[in-house]
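Colleague: Each chain is listed here by its residues.
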Amino acid sequence: MTIHADLLAALIFLVFGAIATVVGWGYGFGTFSALGSGAMPVLAGCGLLIMGVAQLVQTAAARRAGQAFVSAFPGSEMRPLLVILAAVLAFGLLVGPLGLLPALTALVCISWFAESGGRRLEMLAVLVVVAVLIVAIFYYGLGIPFRLVAWRF
Amino acid sequence: MDLFASLALGLQVAVTPINLMYCLLGVTLGTAIGVLPGVGPIITISLLLPLTFGLTPEASIIMLAGIFYGAAYGGSTTSILVNLPGEASSAVTCIDGHQMARQGRAGAALAVAALGSFFAGTIGTLLIALAGPPLALIAMRFGAAEYAALVFVALLSTAAMTRGGVVKGVGVALLGMAFGSVGSDVSTGMFRFTFGIPELRDGIDFAVLAVGLFAVAEIIGNIGAPQGDAVSSRNIGRLWPSREDFRRSWPAALRGTGMGALLGVLPGAGLAMSSFTAYMVERSVSKHPEQFGKGAVEGVAGPESANNAASQTAFIPTLLLGIPGSPTMALMLGAFMIHGVQPGPRMMGDHPQLFWGLIVSMWVGNLLLVILNLPLIGLWVRLLRVPYHWLYVFVLAFACVGVFTMGSSSFDIYSLVFFGALGYLLKAAGCNPALFILGFILGPMFEENFRRAMTLSRGDPMVFLERPISLTFVLIGIAVLLATTTSFVRRGRAEVTE
Numbered sequence: 001m002t003i004h005a006d007l008l009a010a011l012i013f014l015v016f017g018a019i020a021t022v023v024g025w026g027y028g029f030g031t032f033s034a035l036g037s038g039a040m041p042v043l044a045g046c047g048l049l050i051m052g053v054a055q056l057v058q059t060a061a062a063r064r065a066g067q068a069f070v071s072a073f074p075g076s077e078m079r080p081l082l083v084i085l086a087a088v089l090a091f092g093l094l095v096g097p098l099g100l101l102p103a104l105t106a107l108v109c110i111s112w113f114a115e116s117g118g119r120r121l122e123m124l125a126v127l128v129v130v131a132v133l134i135v136a137i138f139y140y141g142l143g144i145p146f147r148l149v150a151w152r153f
Numbered sequence: 001m002d003l004f005a006s007l008a009l010g011l012q013v014a015v016t017p018i019n020l021m022y023c024l025l026g027v028t029l030g031t032a033i034g035v036l037p038g039v040g041p042i043i044t045i046s047l048l049l050p051l052t053f054g055l056t057p058e059a060s061i062i063m064l065a066g067i068f069y070g071a072a073y074g075g076s077t078t079s080i081l082v083n084l085p086g087e088a089s090s091a092v093t094c095i096d097g098h099q100m101a102r103q104g105r106a107g108a109a110l111a112v113a114a115l116g117s118f119f120a121g122t123i124g125t126l127l128i129a130l131a132g133p134p135l136a137l138i139a140m141r142f143g144a145a146e147y148a149a150l151v152f153v154a155l156l157s158t159a160a161m162t163r164g165g166v167v168k169g170v171g172v173a174l175l176g177m178a179f180g181s182v183g184s185d186v187s188t189g190m191f192r193f194t195f196g197i198p199e200l201r202d203g204i205d206f207a208v209l210a211v212g213l214f215a216v217a218e219i220i221g222n223i224g225a226p227q228g229d230a231v232s233s234r235n236i237g238r239l240w241p242s243r244e245d246f247r248r249s250w251p252a253a254l255r256g257t258g259m260g261a262l263l264g265v266l267p268g269a270g271l272a273m274s275s276f277t278a279y280m281v282e283r284s285v286s287k288h289p290e291q292f293g294k295g296a297v298e299g300v301a302g303p304e305s306a307n308n309a310a311s312q313t314a315f316i317p318t319l320l321l322g323i324p325g326s327p328t329m330a331l332m333l334g335a336f337m338i339h340g341v342q343p344g345p346r347m348m349g350d351h352p353q354l355f356w357g358l359i360v361s362m363w364v365g366n367l368l369l370v371i372l373n374l375p376l377i378g379l380w381v382r383l384l385r386v387p388y389h390w391l392y393v394f395v396l397a398f399a400c401v402g403v404f405t406m407g408s409s410s411f412d413i414y415s416l417v418f419f420g421a422l423g424y425l426l427k428a429a430g431c432n433p434a435l436f437i438l439g440f441i442l443g444p445m446f447e448e449n450f451r452r453a454m455t456l457s458r459g460d461p462m463v464f465l466e467r468p469i470s471l472t473f474v475l476i477g478i479a480v481l482l483a484t485t486t487s488f489v490r491r492g493r494a495e496v497t498e
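Residue numbers (the numbering used here), protein chains in the order written: chain C, 1 to 153; chain Y, 1 to 498.
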């Protein structure tokens with residue numbers, strides 16, 4: 001069974017709706033004249049669950065009508081998805097212990113491969129340009145006290 | 001204070017050299033980022049939001065207004081030159097604007113768009129200044145029940161109008177509301193959904209959410225997507241429109257302004273609908289409807305004026321009621337709140353300098369756009385030729401560093417990964433992430449007013465139906481929902497029987 005767009009929407013609504021309802025219930029719904037901290041999460045969560053079910057019903061009706069569905073995750077988008085998220089994650093992991101420039105280097109070098117066909121030499125050029133622009137804008141322009149390079153493990 | 005005194009006060013604030021400089025900076029940066037292919041105003045504003053931190057409230061809000069207009073203008077430039085609309089509202093401009101560009105008249109199209117926008121912006125500014133004081137007086141009488149009902153209507157009608165259907169629209173808005181409840185509860189101080197993470201106690205950082213949902217997710221989606229038609233951008237042609245262009249454009253700009261100004265105030269109607277409506281009207285009143293789609297100048301002037309007028313009057317509910325009618329406005333409202341400014345009926349009385357300064361800055365920003373950006377068009381065209389491979393790496397780096405500067409915390413970057421993934425999933429599911437932002441901003445407002453109204457009525461939900469203003473809002477909401485669901489059901493049935 002392919003996960004197509006409508007089914008994915010239903011899944012997202014059901015998962016987050018269940019979390020909001022269950023966890024929110026624990027915060028206390030309160031009474032109608034004194035709604036507790038959990039009231040709003042429970043209401044939003046129940047709404048999400050209803051929307052999730054409604055989406056499922058709609059999808060089932062469309063399926064019975066013989067509508068063809070395509071996968072919500074085309075293979076061509078998997079590479080950029082994973083590579084871009086990995087690049088951001090690497091930036092977050094490195095910026096604290098190593099400083100801005102090493103983290104930027106990792107970000108640029110990883111994200112470069114999100115799209116195929118880039119040459120290595122070009123990547124170096126991009127790295128230099130991006131580093132210069134970012135340091136110029138944020139470090140000198142806005143005067144934000146980054147540690148450009150830090151050796152603290 | 002009468003209108004002119006207020007505008008004079010605003011002018012005083014707006015044209016101090018320092019504020020003028022921030023307005024200019026905002027307009028330039030907004031255009032520079034907004035002109036990049038596939039980068040619409042929402043992404044531009046969220047990317048540049050961190051740059052405004054650390055300025056005084058006045059300077060930062062003026063700069064944000066500049067970014068807002070710069071981004072919108074940059075978006076229409078991209079539509080005309082490479083046929084890649086950054087968001088739905090400039091999609092209409094693509095139709096005839098890009099055809100003009102292919103005929104070597106890109107310069108004229110850009111100038112008509114800029115002049116039409118400026119004209120619409122001027123009218124829009126006057127409308128806000130005129131409508132402001134009386135509307136604020138009415139809004140002052142709103143109690144918790146009215147506010148809760150109003151938020152409800154704004155959310156519901158926006159969700160229902162979005163492409164993708166009511167179920168997905170309402171679902172995404174609810175998801176945003178659920179995320180909006182993360183952090184400490186305003187009334188009881190209880191920490192909700194923090195899962196033991198101290199960084200979440202103040203709630204999810206708005207800027208991180210916006211950058212993740214839009215910038216990061218958008219980059220992922222755009223890699224490998226078609227890169228537009230860059231060939232036609234080489235030849236701009238004469239910049240100044242011909243006398244014939246002027247003769248044909250000004251009535252179109254006038255009609256567009258009128259329609260945009262009206263539609264902009266309505267929640268959910270927004271920019272896309274106003275430019276689309278303006279295009280339809282131009283085509284039906286034109287003596288040469290066959291020219292539309294082949295480079296008719298009215299097809300640029302009408303929609304561009306309409307969406308600028310709408311983006312101006314959209315500030316009316318945002319600033320005066322504190323209720324944004326569109327996702328872009330929700331973003332602006334969120335940005336204002338980051339700077340400690342709470343828009344609403346009291347803003348005009350409590351912070352007259354800020355309020356009128358912002359109103360006049362919008363006009364000054366529009367003026368700066370016309371006098372600065374038309375001569376700079378060659379520079380923007382060169383930006384368009386930057387290969388996407390270079391572009392996304394830079395935008396990603398800018399996003400990460402910008403987010404990091406706000407809290408100097410790696411947690412913000414990890415949140416960025418989470419919201420980037422969530423934004424991608426929402427788009428893959430055919431849900432509009434912009435509605436998520438709207439729910440996120442409006443959710444807490446709804447909760448606060450809903451709970452207060454229920455407490456005041458001692459738990460009687462009839463309070464929302466007993467008060468006339470509140471009842472009107474609820475009825476409007478139900479009507480919008482019914483109208484969209486029934487047509488949806490009809491369409492669904494039609495599909496099944498086909």
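Hints listed in this document are in silico derivations from the structure and should not be mistaken for laboratory results. One thing to keep in mind: the hints can contain errors.
As the list claims (entries may be wrong) - Some, not all, of what chain Y presents toward chain C, calculated at C-beta under 7 Å:
#1 Ala178
#2 Ile220
#3 His389
#4 Phe418
#5 Phe464
We treat Cβ as the ideally placed atom computed from N, Cα and C, and that holds for glycine.
Colleague: Hints first: check each against the structure and report whether it holds.
Modeller: Quick rundown of the hints versus the structure:
no. : hint   : in the structure
1   : Ala178 : holds (4 Å)
2   : Ile220 : holds (5 Å)
3   : His389 : holds (6 Å)
4   : Phe418 : violated (9 Å)
5   : Phe464 : violated (13 Å)
The structure fails to meet hints 4, 5 from the earlier list, while all remaining hints are met.
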